[in-house]
Amino acid sequence: MTLLKVEKLTLQFDTDEGRITAVNNVSFELEAGEVMGLVGESGSGKSVTAKALMQLNPGNAVYGPESKITLTLEDGTVDVLSLKRERDMQVIRGGAVSMIFQEPMASFAPAITIGDQMVEQLMLHTKMTKKEAARVSIEMLDRVGISDASSRFKQYAFELSGGMRQRAMIAMALSTNPKLLIADEPTTALDVTIQAQVIDLMKDLVADFGMGIIFITHDLGVIAQTADKVAVMYLGNIVEQGLVRDVIRDPAHPYTRGLLDALPSLDDLDAPLIPVPGDIPSPLERPQGCVFHTRCSVAEARCSESVPQMTTLDKEHACACFVEVDKRGAA
Amino acid sequence: MSEEPIISAKGLSVDFQISGGLLTKNVYLRAVNNVNLNIPKGSFYGLVGESGSGKTTLGRAFLKAVNISDGEVKYCDEEVEYDLKTLQKKQLKDYRKRAQLIFQDPYAALSPRMTVRDIIAEPLEVMGLTSTREETDERVREIAAKCRLNLEHLRRFPHAFSGGQRQRISIARALVSSPNFVVADESVAALDVSIQADILNLLKDLQTELGLTYLFISHDLSVVAHICDHVAVMYLGRLVESAPTRVLFDAPRHPYTKALLSAIPSLDPDDKGNTLKLEGEIPSPTNPPPGCKFNTRCVHAIDICRNEEPKLEHTGDRHEVACHHWSELFET
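Chains as they are written, first to last, in the working numbering: chain V, 1 to 331; chain H, 1 to 332.
Please note that a few of the clues may not be correct.
What the hints assert, rightly or not - Think about it this way: if two alpha-carbon atoms lie no more than 25 Å apart in a straight line, the pair counts; the simulated SDA-like pairs of lysine to any residue are:
hint: 1; chain 1: H; residue 1: Lys204; chain 2: V; residue 2: Ser161
hint: 2; chain 1: V; residue 1: Lys203; chain 2: H; residue 2: Leu276
hint: 3; chain 1: H; residue 1: Lys277; chain 2: V; residue 2: Ser161
hint: 4; chain 1: H; residue 1: Lys258; chain 2: V; residue 2: Leu266
hint: 5; chain 1: H; residue 1: Lys146; chain 2: V; residue 2: Gly278
hint: 6; chain 1: H; residue 1: Lys41; chain 2: V; residue 2: Leu269
hint: 7; chain 1: V; residue 1: Lys203; chain 2: H; residue 2: Pro269
hint: 8; chain 1: H; residue 1: Lys277; chain 2: V; residue 2: Gly278
Said to hold, decoys possible - A few chain H residues that face chain V, going by a derived Cβ cut-off under 10 Å, partial list only:
hint: 9; residue: Glu50
hint: 10; residue: Gln196
hint: 11; residue: Ala259
hint: 12; residue: Ser266
hint: 13; residue: Ser284
hint: 14; residue: Pro285
Please keep in mind that the hints were generated in silico from the structure rather than gathered at the bench.
Just so it is clear, CB atoms sit at the ideal spot from N, CA and C, and this is done for glycine as well.
Bound-form chain V, shown alone:
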């Protein structure tokens, strides 16, 4: 069942320096029980895309007229972008859609106990009594591997360690039984050993709860270990998408290849680190044509003139690059 369908999502911000394009014509689908990785560097538009799913972008965001986000739930479909009133958005903000943020310390209110925050959310989104909500919250804390959950329930965010806080954040996000979970760099602020624990936990939870997950990260290793499929973003565009195996083993877009080459690998310590030349252009100076042509090693004249479309190469593997599509041939 298709849980989420994003079609032609275009998102711009009105700023003092003009209208900035943050997301450009992005389309993807997500099934229930599937994990999709959204990879890209800072400024690639991955977080903004995810926030659009919950309408969390600030007031100066302007959505393109053709943009459409459809969420299919048990009791019908929700057209996310058509929701106008705060009250109607409750379903996509913490109800059917939950979000885990990068910095758990900044995401919990510092002066309210973890328990009270979890209870408040449950009472807002379900018909539970305070007592039931407390019971469910403690069960959830226990489920994510927090020992002595009933006493942690009464503690404040600053009393927990970083890994513990991120677990509590996950428990809180999952307690309303969401259909879609958005995880925005959930392991970036954590140490590797704790990151490994959180990745394992998230894998278990997908298996148990069967929700769809959008996993945002800049770390391709984390994607390889967690996601089923992946979309690579650059300057607001998806430049390549497909199954994780296909994209990592046989990257098609020059940018994806560049990202993989720049990554220090433990298998070959002598391999030189090859940076992607140049810097990411400022969003105010979006290149014409293919957005990546200013840094691309295989760019041709046509790349700076017209915009390459996403073209299917093989089954689910698609890429937006003139040169590569010519080389491999469209499916």
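Using the hints, position chain H against chain V.
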């Protein structure tokens, strides 16, 4: 790289006072505990560990940016030899130009109100290394070119630059006083991977060109593996293992190093080879466990580990490890 150390630490400890005052008892936290370490001249020395392991504090102790509570640290180059614990004011001023720091966050490290030229020139002016404006400008242009900065950019302000360019500016600022020893504390952690490789290559090139010795502090083992020639691993203020990079990554001996290495997510989706998973988290340094500091998370811990702290032992060519049963573990 020579065998002679530029920095040598013996029994180095750093304490921070966490509470206490006029009427209450003073409580200290030992962030770095009894560390023995030599950084050979011309090396790219890596220091890894989780947050709270004391790696940043150790780096700062080498720069004399925190007080050395116990033990000794010596700095030695062709011209001078300093005992960092008892450095006089005048010597400290001289040491500041010989030892420098590159920060983690290039967004926070540069003043938004100063032009790039002024940012790079400031150390020269403060230390009185140049006497005329022309001389300063000359020196700034020289180092900026070495750090691959566009000279036309010197008149701009930092906000006009991307993360990678900003980090090149901070490197230029750190190197303008011609230091011999540079501490790079998580200097690529805030950068995107495509830029990270560029900065790492630059650091390496500058080392050859200027004859620098680096202490490269990082939590990212794959970066350290690629750039450093020797790596030391810290856990809860202690040095637990230290070895030439290749040896450490091919045959780690401390259970903590092994766990750290296996926690790196593999790029191969089918590689589920994370056999060694660490439970729990690093204990608080205010209340460290007795015995081996790693015993609370170690699968091999036995009684001796909970009671007696292991010493750092030489176990091979420049390979040191602090574990009670590294040899049994090594054989299996």
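- Message: Let's test the interface hint: is any C-beta of chain V closer than 10 Å to that of H:Gln196?
- Response: Result: holds, 7 Å to nearest chain V Cβ.
- Task: Below or equal to 25 Å on CA atoms is what counts here, so check H:Lys146 against V:Gly278.
- Result: Since the Cα atoms of H:Lys146 and V:Gly278 sit roughly 17 Å apart, the hinted pair holds (cutoff 25 Å).
- Message: Would the hint linking H:Lys277 and V:Gly278 be met if the CA-CA limit is 25 Å?
- Response: violated, 38 Å
- Hint consistency between V:Lys203 and H:Leu276 [alpha-carbon to alpha-carbon, up to 25 Å]: holds, 17 Å
- Query: Does H:Ser266 pass the interface check with chain V, least Cβ-Cβ distance below 10 Å?
  - Reply: holds, 6 Å
- If you draw a straight line from the CA of H:Lys277 to the CA of V:Ser161, is it 25 Å or shorter? holds, 19 Å
- Message: Hinted pair, alpha-carbon criterion (25 Å max): H:Lys204, V:Ser161. Please report holds or violated.
- Response: Distance of about 36 Å is beyond 25 Å: violated.
- Quick one, is the H:Glu50 hint okay against chain V at 10 Å, beta carbons? Hint on H:Glu50: holds, closest Cβ of chain V at ~4 Å, below 10 Å.
- Query: Is the hinted pair H:Lys258 and V:Leu266 satisfied, with a Cα-Cα distance of at most 25 Å?
  - Reply: Roughly 14 Å between the alpha carbons, so the hint for H:Lys258 and V:Leu266 holds.
- Message: H:Ser284 was flagged as interface toward chain V. Is the shortest Cβ-Cβ separation under 10 Å?
- Response: holds, 8 Å
- Hint validity - H:Pro285 Cβ closer than 10 Å to any chain V Cβ: violated, 12 Å
- Pairwise hint evaluation, H:Pro269 against V:Lys203, where the allowed Cα distance is 25 Å at most: holds, 13 Å
Comparing the model with each earlier hint shows violations of hints 1, 8, 14; every other hint is respected.
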